[in-house]
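Q: Sequence:
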Amino acid sequence: MYPQTLGVYSKKGDKEVGSGGTTSSYQQETFWFARRISDEKYEVRPLSSNHVPTGMKTLLGKGEFIAQFTPEARYYETRTLPVLKSLQKKIELGEQFFKKGLLSKAEKEFLKATMIDEESAPANLGLGSVYAEQGEFKKVKKVIGILLNSDMAFQEEQRQEFNVFGITLRKQGLHEDAIRFYSKALEYNDSDEHLNFNLARAYYEHGDHLECLQNIETALKINPNFVEAKKFLDFLRKTS
Numbered sequence: 001m002y003p004q005t006l007g008v009y010s011k012k013g014d015k016e017v018g019s020g021g022t023t024s025s026y027q028q029e030t031f032w033f034a035r036r037i038s039d040e041k042y043e044v045r046p047l048s049s050n051h052v053p054t055g056m057k058t059l060l061g062k063g064e065f066i067a068q069f070t071p072e073a074r075y076y077e078t079r080t081l082p083v084l085k086s087l088q089k090k091i092e093l094g095e096q097f098f099k100k101g102l103l104s105k106a107e108k109e110f111l112k113a114t115m116i117d118e119e120s121a122p123a124n125l126g127l128g129s130v131y132a133e134q135g136e137f138k139k140v141k142k143v144i145g146i147l148l149n150s151d152m153a154f155q156e157e158q159r160q161e162f163n164v165f166g167i168t169l170r171k172q173g174l175h176e177d178a179i180r181f182y183s184k185a186l187e188y189n190d191s192d193e194h195l196n197f198n199l200a201r202a203y204y205e206h207g208d209h210l211e212c213l214q215n216i217e218t219a220l221k222i223n224p225n226f227v228e229a230k231k232f233l234d235f236l237r238k239t240s
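Counting from 1, one number per residue, gives the positions in the sequence shown under UniProt numbering.
I should point out that these hints are in silico values taken from the structure, not numbers from a laboratory. These figures come from a predicted structure and were not determined experimentally. Idealized CB from N, CA, C, for every residue including glycine. Certain hints may be false.
[Claimed, not checked] Calculated pairs, BS3-like style, for lysine-lysine (alpha carbon to alpha carbon, straight line, at most 30 Å): (1) K138 / K105; (2) K57 / K108; (3) K108 / K62.
[Unchecked claim] With beta-carbon atoms standing in for the labels, derived distance ranges: (4) F235 / N149: 27 to 37 Å; (5) Q28 / R74: 33 to 43 Å; (6) F137 / E211: 22 to 32 Å; (7) K11 / R237: 33 to 43 Å; (8) K12 / K108: 35 to 45 Å; (9) G145 / K221: 31 to 41 Å; (10) K108 / P224: 39 to 49 Å; (11) E118 / K11: 22 to 32 Å.
Let the sequences and hints guide you as you build the complete structure.
A: Structure follows, in structure tokens:
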């Protein structure tokens, strides 16, 4: 079942320093977090100073990956894995507190998570939902800026979290932000009828009924049996 976590791998390469006649080179070793995406595709991301994956992901073919990267099982087991477990625990606690309406406690856990990994998609999605519920709209804008520049926020693994965040934005009256957020998500997955449905609701509440109708129709093209979308379309036709 993909994606499959492979762990930490090292990569060695020559790096030049100096200039002109004083140029010299040395071998640099870097560490990367690797996942297998399919039978022939691999994904790597560099590790941060906290030993967690960060920054842009790079996709490689199987042959290229095997030729360039060496497994570092001990590094993964002693450095990266414990930190990832700690990160996940904080995120899960934050989500539990959020569901119970304990916003201050949820914020605290999500902030702890971002101290480990400031780019963490689930931690930032959680923080955004907390700030939206608290009416801290300047903080919401800051989080949205982080998320819109993050590939990881819109991956399939984060589907539940980004749907919660988008719905929270809409319910708090942040319709333009919800529209931006759902539109960005559709760039990564244009076959998710729920994204089109939620985007349609955001457009409706923003007063743009034409865009609302177009997105409802798109949702029903993807899934003709989408009951909620059918009901919403009937409502739009009756009220137009």
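Q: Take the hints in turn and mark each one as holding or not.
A: Status of the hints after comparison with the structure:
no.: 1; hint: K138 / K105; result: holds, 20 Å
no.: 2; hint: K57 / K108; result: holds, 28 Å
no.: 3; hint: K108 / K62; result: violated, 41 Å
no.: 4; hint: F235 / N149: 27 to 37 Å; result: holds, 36 Å
no.: 5; hint: Q28 / R74: 33 to 43 Å; result: violated, 20 Å
no.: 6; hint: F137 / E211: 22 to 32 Å; result: holds, 23 Å
no.: 7; hint: K11 / R237: 33 to 43 Å; result: violated, 58 Å
no.: 8; hint: K12 / K108: 35 to 45 Å; result: holds, 41 Å
no.: 9; hint: G145 / K221: 31 to 41 Å; result: holds, 32 Å
no.: 10; hint: K108 / P224: 39 to 49 Å; result: holds, 45 Å
no.: 11; hint: E118 / K11: 22 to 32 Å; result: holds, 23 Å
Hint compliance for this structure: hints 3, 5 and 7 are not met, and every other hint is.
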